[in-house]
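Colleague: On the provided structure of chain G, position chain C as indicated by the hints.
What follows is each chain in one-letter form.
Number of protein chains: 2
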Amino acid sequence: MQAEVIAVGSELLTPSKLDTNSLYLARKLSELGIALARKAVVGDDRASLAEEIRRARRASDLVILSGGLGPTLDDLTREASSDATGRALVLDESVIDEIRERFRRFKRPMAEVNKRQAYVLDGALKLDNPRGTAPGQWLEDDHGVLILLPGPPRELEPMFAEACLPLLASHAPSQRFFTLVLRVAGIGESDLEQRIAPIYAPCTEIATTILSAPGDVQVHLRGQGTSEAEAQAAVQGLGEAIRSELGDAIYSEDGRSLAETAAALLARGGAKLAVAESCTGGLLAGALTTTAGSSEFFAGSVVSYCDSAKSGWLGIDESVLRAHGAVSQPVAVAMAAAARERASDTLGEPAIGLSVTGYAGPGGGTEADPVGTVYFAVADANGARSARRLFGRGRARVRTLAVQTALDILRRRISGLEVA
Amino acid sequence: MQAEVIAVGSELLTPSKLDTNSLYLARKLSELGIALARKAVVGDDRASLAEEIRRARRASDLVILSGGLGPTLDDLTREASSDATGRALVLDESVIDEIRERFRRFKRPMAEVNKRQAYVLDGALKLDNPRGTAPGQWLEDDHGVLILLPGPPRELEPMFAEACLPLLASHAPSQRFFTLVLRVAGIGESDLEQRIAPIYAPCTEIATTILSAPGDVQVHLRGQGTSEAEAQAAVQGLGEAIRSELGDAIYSEDGRSLAETAAALLARGGAKLAVAESCTGGLLAGALTTTAGSSEFFAGSVVSYCDSAKSGWLGIDESVLRAHGAVSQPVAVAMAAAARERASDTLGEPAIGLSVTGYAGPGGGTEADPVGTVYFAVADANGARSARRLFGRGRARVRTLAVQTALDILRRRISGLEVA
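From first to last, the protein sequence lines are chains G and C. Position 419 of the first sequence, counting from 1, maps to 801 under my numbering, and the rest follow consecutively. Position 250 of the second sequence, counting from 1, maps to 632 under my numbering, and the rest follow consecutively.
Bound-form chain G, shown alone (with noise of 0.2 Å):
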């Protein structure tokens, strides 16, 4: 089997944004041992889709679109299916009900245009979309599968996962595969590929990839067998042999993110959490909170982001800031204590206080500490530890990396693994 992607959106042919809904699909459909031939980005022209969608099942028998399913007159991924099909649009009554109800759960009038959302091409399956008003599509026909999903990945990922997935394993070859994905924090993509190469290179029977981004990189290691078991298998060898390599630096091997790593941990332990934080402005309690659940162990953060809230609002001593400047490793530990004992009179013990202070830039910083330096400290019942780093240049880049470090110091600590 082999599939083609179609996203659609003349926004997604201006300087600014990029179709991603296929990185997505492309990992979905390896898993299946479908191999993705093409992608194509086409604008909001209803005649060159239809030609696209036409083009694109001559050549291959699994085409999925992505986007033009909203209400508006410029969504026309399903009239052009219509042209490209031959088959015609029917009102599903049942979606407008459905649309109905949604707007009504909102308190808000649904506006006429909506109903656009509920045409079906003819002898296609509906897809329910519990996160949004458009509902997808799968057409099965001679030609092969045609799928409908919506734009927002929000959407698109469950409903592909959830409806999809299943209708396209009794379709997919008898071959699987298996990805065991190693979560490593602390160490840069570079340094990484140097240290695990002459490990994985040889194994080329397993295809490993590196995924990078700010403070998270990924291995990959993906096999194959005629079983899900016997894929699996297949990648333990190398898997064990990176994991000698690499230590307490992987954090995740289940596919959750060093926020909700480090959430774990902490609920785990029943330990309770404050944040004092400067340049991430925010970010680090936002990344905390991503996920549901995390009030049971997170009291809050203390967002300071001038001298005088560092000393109003945490108590930090005058003198100290006077002394070291808001950037500087005694203050890094002062914010952490302070935050500490709020998390304790608050949430009450065993308390954790962790906290950040940095220059993010552009401006700011000083010779010792120049643009880019970040102080983090970590305080629980055994005192206080701090680290010192370098991120270079770039504000929102530096504010990413920041939130990161601090996690992993969190995780490190909780875990009785040395901080540094």
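In short, the hints are calculated from the structure, not lab data. Idealized CB from N, CA, C, for every residue including glycine. Among these hints, one or two may not hold up.
[Claimed, not checked] If you anchor each label on the Cβ, the simulated ranges turn out as follows:
id	chain 1	residue 1	chain 2	residue 2	range
1	G	623	C	523	40 to 46 Å
2	G	697	C	618	52 to 58 Å
3	C	711	G	622	56 to 62 Å
4	C	744	G	472	32 to 38 Å
5	C	673	G	512	25 to 31 Å
6	G	779	C	700	38 to 44 Å
7	G	415	C	711	40 to 46 Å
8	G	553	C	461	32 to 38 Å
9	G	472	C	413	26 to 32 Å
10	G	472	C	428	38 to 44 Å
Modeller: Showing chain C alone in chain G's frame:
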């Protein structure tokens, strides 16, 4: 003139890599008034690449290929272009000399395989590549222009800028484009469409696109003319009509985000801000500190993620929390007042406090205030205003909508607009 971009390389079909050259090319083309009609990604397969080139040349008069010009056997762009155009590949001895010279400079022997890079389409212009071994190619015939560029951005971008742009400028239409971007807060995509479709639909000479992200909808109006000024003038009438309809829901026309707009308003008025946030968990502060210089007006935020942090950290009266619950209008107002007091104490007057408290879900909520209910308040020297919104389900979505709504309420209050 209409363009298509074809990115070549099987690695661009994996779950970890995207073609980003097309963003650069889209930007450069739009500056010349050349519309990008389509993008495609094709693997290292000679037949399907040749088919793709044929198809693209039939549809568009400018086709730009990136990648597949290297020395290895899976670099097939030259051969596929030869197949598609019916033109032979001719050995250009001068290219071999250049490659050999390059290897000599790096004191390495030239591998025989590099000679593959010295073949040029019969009749094509060779484009020098000072940053790599593979030259580009420019072919112009009855079917239009076909450009072959190397894949690495550091080779592609200067080659396109230095060699192709001057050549394209003579082909480009005297036509110029101008896009008016109206950014809108507080109106959902479908409501917006319903309100403005009757206005823009009759103006077929203006390309109108509605881009939507949670809490942030953009209306793009693209006009054309023989000069930039004429293109700009072309969209003024429709722009004015849409402004009349949407009024103060339009928060920017200069590309600034809602956070940047609110920050600019604060900076202009010399006002100081502090935030008290609950369900947004630090993301509101994170949005306000995205741009550099925010320490001028932003004191910080208290992220109170549990009731005792609301009372202990912010000094909210426990009886108010008990009587109304943490997610309520009186608590939102008390939080905003506490934040305002902190801003005033820390950075002085005029001071503003902004607050958010709500149920992000999936847990929590009451019958009267189900999951997705969020209360907001803004307090200044003239008292407090509050608002309540129902955002429905989806933790990440509720948090994003709450951040956007809080920023919009802040913007409206500073601008003297009604808050409700």
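Colleague: Would you say the C-beta atoms of residue 779/G and residue 700/C sit inside 38 to 44 Å of each other?
Modeller: 42 Å, holds
Colleague: Has the hinted range 26 to 32 Å been met by the Cβ atoms of residue 472/G and residue 413/C?
Modeller: With a Cβ separation near 45 Å, residue 472/G and residue 413/C fall outside 26 to 32 Å, so the hint is violated.
Colleague: Take a look at whether the Cβ-Cβ distance between residue 673/C and residue 512/G falls inside 25 to 31 Å.
Modeller: Roughly 36 Å apart at Cβ, these two residues miss the hinted range, so it is violated.
Colleague: Could you see if the CB distance from residue 697/G to residue 618/C stays within 52 to 58 Å?
Modeller: With Cβ atoms ~56 Å apart, the hint holds.
Colleague: Just to be sure I understand the hint, the distance between the Cβ atoms of residue 553/G and residue 461/C should be within 32 to 38 Å; is that true here?
Modeller: 33 Å, holds
Colleague: Honestly, do residue 415/G and residue 711/C meet the 40 to 46 Å range at C-beta?
Modeller: Hint violated: Cβ distance 55 Å, outside 40 to 46 Å.
Colleague: The hint says 32 to 38 Å between residue 744/C and residue 472/G; measuring C-beta to C-beta, is that right?
Modeller: Given a distance of about 34 Å, which is inside 32 to 38 Å, the answer is holds.
Colleague: Between residue 472/G and residue 428/C, does the C-beta distance stay in 38 to 44 Å?
Modeller: 42 Å, holds
Colleague: Residue 711/C and residue 622/G, beta-carbon distance inside 56 to 62 Å?
Modeller: 57 Å, holds
Colleague: 40 to 46 Å was suggested as the range; check whether the CB atoms of residue 623/G and residue 523/C agree with it.
Modeller: 55 Å, violated
Consistency with the previously given hints fails for numbers 1, 5, 7 and 9, ordered from lowest to highest.
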